[in-house]
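K.L.:
Residues per chain are reported as follows:
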Amino acid sequence: MAECSGRPTTWKAWLAGKWYMDQAPGDYWRAVFTSPFNIITGIIICVGLVLTVVRFTQGLEATTNLTNDYPWGLWIGFDVLCGVALAAGGFVIGSAVHLFGMHRYHSLVRPAILTGFLGYFFVVVGLCFDLGRPWRLPYPMGAGYVVTGSNSFGVTSVMFLVGWHVAVYLTVQFLEFCPAVFEWLDRKTLRKWAIRITIGATVFGVILSTLHQSALGALFLLAEGKVHPLWYSPFIPVFFFISAVVGGLSMVIFESMLSHRVFHSQVAHHDPAEADRLVIGLGKAASVLLFTYFCLKWIGVADGQHWDLLNTPYGYWFLVEMFGFVLLPCLLYALGVRRQSASLVRFTSVLTVLGIVLNRLNVSIITFQWNLEDRYFPRWTEFAITVFVVTLGLWTFRFMVNRMPVLYDHPDYPPEH
Amino acid sequence: MNTNRRGFLKIAATAGVAAVAGPSDARAAPVRRISDDWLGMLTDISLCIGCRKCEWACRKANELGPPDEPIQDYEDMSVFKHHRRTDAKNYTVVNRYPPATPGGNPVDVKKQCMHCNEPACASACLVAAFRKTPEAPVIYNESVCIGCRYCMVACPFTIPAYSYDDPFTPAIKKCTMCFDRISKEGGIPACAEICPEGAISFGKRKDLIALARDKMRDKPGRYVDHIYGEHEVGGTCWLYISPKPFAELGFPELDTIPRPALTKTFLSAVPLVLIAWPALLMGAHAFTRRQEELGKDDKAKHSEKD
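Here the protein sequences come in this chain order: A and B.
Its first residue numbered 0, the first sequence is counted upward by one per residue in numbering that gives the first Met the number 0.
Its first residue numbered 0, the second sequence is counted upward by one per residue in numbering that gives the first Met the number 0.
Incorrect hints may have been included.
[To be verified] Restraint ranges, calculated between C-beta atoms of paired labels, are given here:
1. A:Phe32 / B:Pro277: 45 to 51 angstroms
2. A:Trp134 / B:Gly102: 54 to 60 angstroms
3. B:Gly220 / A:Asp373: 53 to 59 angstroms
No wet-lab data here; the hints were simulated from the structure.
Using N, Cα and C, we set each Cβ at its ideal position, and we do this for glycine too.
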């Protein structure tokens, strides 16, 4: 029965070990309720819960500034579009390590996959606030046909693809993260099975990510004339895909920086010099990709023959995005790599993430319906719900990282390659 | 240092070329499926006097306002101060524009769903809630709608509206060309029925285009030489003729490509990715693994020699 040795036998023992992490429950809860971070985020979550009730009892008009001209606001522009793009790190690091043999980056796989999984999960949570009838979320998957008897498969829709892919990819990422869960629960056999599907799940994850990251851009192909021509291009699916890969890489860098500060006890055994080397490697990849992206964006402008629009207010804004948030981070990453300065690379990752957010907001909100005089600006409740959803994500991430072998290798389980 | 820079540029250039080669032209030729039997509407803007009776009749027919709403309420011309759009309570609105010639009558334009030949909303909907009926009207099935509002983003005329104020059963709201009324023998849309000036004609789309041409031929100089909706976005079943250029009357300037064609190229690339990616990725994986094995063998040999 060696297999069961580490497993607690009663639920009390289980709770003490797995939830309280072998602290006395009193001490645990005292620490939870007195940490300043928890108090601030706790208030955010309480406000968010109240607003959730308001949203689902009073409707979208009571909680958002959405109109018939601006059907998509902050919840789609930020929670969904930015959330998905910035959660791309899971598939990028996963494929680098498992498919392309870059085993050096192994220690980044689990945090990246956890971020990816939770990122997508909370994208769906955020989406539920925005959908008119979120309880019908499974309708495109066939439930619509079962419930209503009428056809509910919109196979001509890019949104249909996005819906299916996000659902399936969420499952794939959960499966990819399962080894950590089973190590935490000390389930050797289940873990072995979970490890076996790693390669398959990684390949499948790359396919799904390629398609739905670009599909989020392809959604806007139908908004020709509404998205400003400098941002609208037949290449927009490619733009979204490449920038998502950069966004994912940058988030992994940014997050490893935060993890080293917040969870320092868990990364105590990490060699800081090695961590710097990994970050510099990621920075190099991000720099090359950003340069590619920068060139492609200009090909988009050339393709549409929109050079004249550069000398307009929207044109200046486009130049700000292109030079301040694409070329500048590209050069800073390159400089950081050349000087072997991990801190410069880490700083640049923040700038890059902001650039991706700016791009998604430009396409979906800021330049959307650019020829209308009335502009959309989110209501405070929209910001509050967004912050609430992000905070829920942070809490979940922290809860799991504190308990499961994410940032370190479980002593009983050797790395899987 | 120099090699580093050259290496960087080389990688970037290769990646760039590969990425550009990917997407093909999204403006591929569309497939036309126009039926001669399709119904349609023709609005003669030169006849419209801006009485707004069509707005009243539309609200009554679609039960959008109070059941006994007085038609006199619609004599209020102050609404013309701003250009209005369709919303959840008004499937059609009339807007007023300056006269075509100085001193002439103002130009009033009725606005509603155009009932596209190849509707963007239908191609956008992930639950197939929109349907181009064999008769021509584009209608919406509320029972499957999840409320993502992508149809509103997709519509080139920005017509579909949403009942944001409804917390539990919000839905898309738009003109149905009075589908229920016209499905009955001899039924015609409420707006066409009430119009005192005969500005709105209902009939087969093919005949309405012929009617529009006749009007233009019979009254030279009265209309600009353009039937709006004949070719826009692949054609619409609601057509307009006008004494004033359409661009000055709030009509979007659109090309002749049906909107669904804009996403067709992307969607047809999906199966390619589904088939090609696993092959390429598994190939890469097999390659790296083989290299690692060879590396191990080499090491083993070296240690033997030592």
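K.L.:
Taking the hints in turn, state whether each one holds.
P.N.:
Checked hints:
{"no.": "1", "hint": "A:Phe32 / B:Pro277: 45 to 51 angstroms", "in the structure": "50 angstroms, holds"}
{"no.": "2", "hint": "A:Trp134 / B:Gly102: 54 to 60 angstroms", "in the structure": "58 angstroms, holds"}
{"no.": "3", "hint": "B:Gly220 / A:Asp373: 53 to 59 angstroms", "in the structure": "37 angstroms, violated"}
The structure shown violates just one earlier hint, number 3.
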